[in-house]
Amino acid sequence: MTPEESAIWIRIQQKDIRAFEEFYRSAYKRFFLMAFQYLKDADTSQEVVNDVFMKLWEDSAEIIIEKSLVSYIYRAVINRSLNQLQKQKRDLAQIRSLQYSLQHDATYELRQMEENELKAALYKAIDQLPDQCRRVFCLSRFEQLKQQEIADQLGISIKTVKNHITYALKQLHKVTGELLVIGIVLLKLFFSGIDQDLGSF
Amino acid sequence: MDSLSEHNIPWDLIADSLQPDFPAEEDARLQQWLAESTANRETYQRARELWAVRLADFSAYQAADEATAWDSLMQQLQEKTTAPVVIMRSGKGHFIRKWTAIAAVLLVMAAGIVWYLLPDRSEQVYATTTTQREIALPDGSSITMQPYTEVRVGGRYNQHERAVQLIKGEAFFKVIHNANLPFLVNMDESSVKDIGTSFNIRRSPDTIKLAVISGKVAFWGKDNQETRELSAGMSLAYDVVKKNFTEWAPSSDQGVTNRENLLYFDHTVLTDVVKQIEKVYGKKIQLGSTAIGERKLKADLQGLSFDKALQVICTSLNLDYTDKNGIIILKDKENK
Chain A
1 MTPEESAIWI RIQQKDIRAF EEFYRSAYKR FFLMAFQYLK DADTSQEVVN DVFMKLWEDS
61 AEIIIEKSLV SYIYRAVINR SLNQLQKQKR DLAQIRSLQY SLQHDATYEL RQMEENELKA
121 ALYKAIDQLP DQCRRVFCLS RFEQLKQQEI ADQLGISIKT VKNHITYALK QLHKVTGELL
181 VIGIVLLKLF FSGIDQDLGS F
Chain B
1 MDSLSEHNIP WDLIADSLQP DFPAEEDARL QQWLAESTAN RETYQRAREL WAVRLADFSA
61 YQAADEATAW DSLMQQLQEK TTAPVVIMRS GKGHFIRKWT AIAAVLLVMA AGIVWYLLPD
121 RSEQVYATTT TQREIALPDG SSITMQPYTE VRVGGRYNQH ERAVQLIKGE AFFKVIHNAN
181 LPFLVNMDES SVKDIGTSFN IRRSPDTIKL AVISGKVAFW GKDNQETREL SAGMSLAYDV
241 VKKNFTEWAP SSDQGVTNRE NLLYFDHTVL TDVVKQIEKV YGKKIQLGST AIGERKLKAD
301 LQGLSFDKAL QVICTSLNLD YTDKNGIIIL KDKENK
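First to last, the protein sequences are chains A and B. Using our numbering, you'd call the opening residue of the first sequence number 1 and step up by one each time. Using our numbering, you'd call the opening residue of the second sequence number 1 and step up by one each time.
The set of hints was computed from the structure by calculation and includes no laboratory data. For every residue, glycine included, the Cβ atom is placed at its ideal position computed from N, Cα and C. One thing to keep in mind: the hints can contain errors.
Label pairs and their in silico Cβ distance ranges [unchecked claim]:
| id | chain 1 | residue 1 | chain 2 | residue 2 | range |
| --- | --- | --- | --- | --- | --- |
| 1 | A | Glu22 | B | Ser289 | 29 to 37 Å |
| 2 | B | Thr129 | A | Gln14 | 32 to 40 Å |
| 3 | B | Thr68 | A | Asp16 | 18 to 26 Å |
| 4 | A | Lys15 | B | Thr68 | 20 to 28 Å |
| 5 | A | Glu22 | B | Glu26 | 31 to 39 Å |
| 6 | B | Glu26 | A | Ala125 | 47 to 55 Å |
| 7 | A | Ala121 | B | Ile167 | 37 to 45 Å |
| 8 | B | Glu229 | A | Ser101 | 48 to 56 Å |
| 9 | A | Pro3 | B | Gln311 | 34 to 42 Å |
| 10 | B | Leu181 | A | Gln14 | 41 to 49 Å |
Sequences are here, hints too, so could you generate the full structure?
Structure representation (structure tokens):
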């Protein structure tokens, strides 16, 4: 564990609810995103993340985390999401294949985490785009509005719409590039030895 | 991999190619650029992946709310710690277990029948008193409820329909558009169906006032069976007594913004912004000097937490804030 993770984990084990809350609030969205990737339902994803955190809180005295707290929680979220899918009896063949990958493919979990961290960074970058740029980008990508429709709706020229979309895309591409080149290498180092982090989840 | 400078990437062309109507002559230009190098093709592939796949969960991510989730976790933990513990003693254990099992089966059956007979299996009614509240819906849409508002969300929301009911008060709806499941706000006298994205409804016993912020909505009067389509920037009222639509402009009701009770500010003086923020969040704010009260804010604070809204105001107007016994004091950054 990193020194920061160690400090958090010790405080959680000491039943420091403030430390637990602080960690939960700062990390919630990334774990939610991982659960949502499997479940495609916001309520169930929240339930899964909360179940994992509840167990972490209740059983903190018995849980042994050797390498990384974050990777431990990621694994628990993935496992619980798959269990949830199984309960819902959704596409059982696909679930079995995912469970097989989780147990037998050493890189599967790491790849999932890498992709998730990348997505979280991208979404944060969208949030940080200038207001009008973000609005234009979201209308284009998520509302599927045509450039002319966006221009009409916001009372701006089509050229401005194009400029905003281009700028946003460029910024997001930069985030992807930076993470793929630098971040993922660090992530691999950070999560190395992840297999030893098997807990009671 | 071929070397590729960021400056040589035709981002405008790539952005256009991701749009539905990509002109043939631009496509020819793009193909030519792609044919030039592997690096170009990789860059393009990454941009396409980003657009089509990696951004797919953004709406859900945006709607995910750690504060609500934390409250729910706390509730779960409290329920668990206060739940009664049943200890089965040996000796009569088999007898007790048998009858407990039978009772459990009967209970589950009864619960199942009640569950089946209920009209809406897990509908939720949300109500606000003095402060604003935001509800995140499972599809990524959200409702910002103003004080003294009640909204009902059906248990089948996002399954076969996306219908909510505005029982009373005022709410701002930010809708993730889904052509297969239109978003519908029902009221006794009328309903509003989204064709686009965000709108505000204020319901009182005699009128229903609708202001469209972005996109398009259809406003349907149930009594007169009339439908009006409204686009961004348009507003309209429905007279519940006369049972007809009447012209209405939000700016005539309030001076703060042209959208009553909303946190959209278009060159609004800080004094007015503060009044609106105090009203919406139920907080007390003081200005460090009268001069800063004259500064004008252009910002969209709708849906933001109080802290985040303060940060936006401070960054936009070069201010700092301090919290003194629950009263927020805004001061010029240079005075610090």
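Taking the hints in turn, this is what the structure says about them:
no.	hint	in the structure
1	A:Glu22 / B:Ser289: 29 to 37 Å	35 Å, holds
2	B:Thr129 / A:Gln14: 32 to 40 Å	37 Å, holds
3	B:Thr68 / A:Asp16: 18 to 26 Å	22 Å, holds
4	A:Lys15 / B:Thr68: 20 to 28 Å	23 Å, holds
5	A:Glu22 / B:Glu26: 31 to 39 Å	50 Å, violated
6	B:Glu26 / A:Ala125: 47 to 55 Å	26 Å, violated
7	A:Ala121 / B:Ile167: 37 to 45 Å	40 Å, holds
8	B:Glu229 / A:Ser101: 48 to 56 Å	49 Å, holds
9	A:Pro3 / B:Gln311: 34 to 42 Å	29 Å, violated
10	B:Leu181 / A:Gln14: 41 to 49 Å	47 Å, holds
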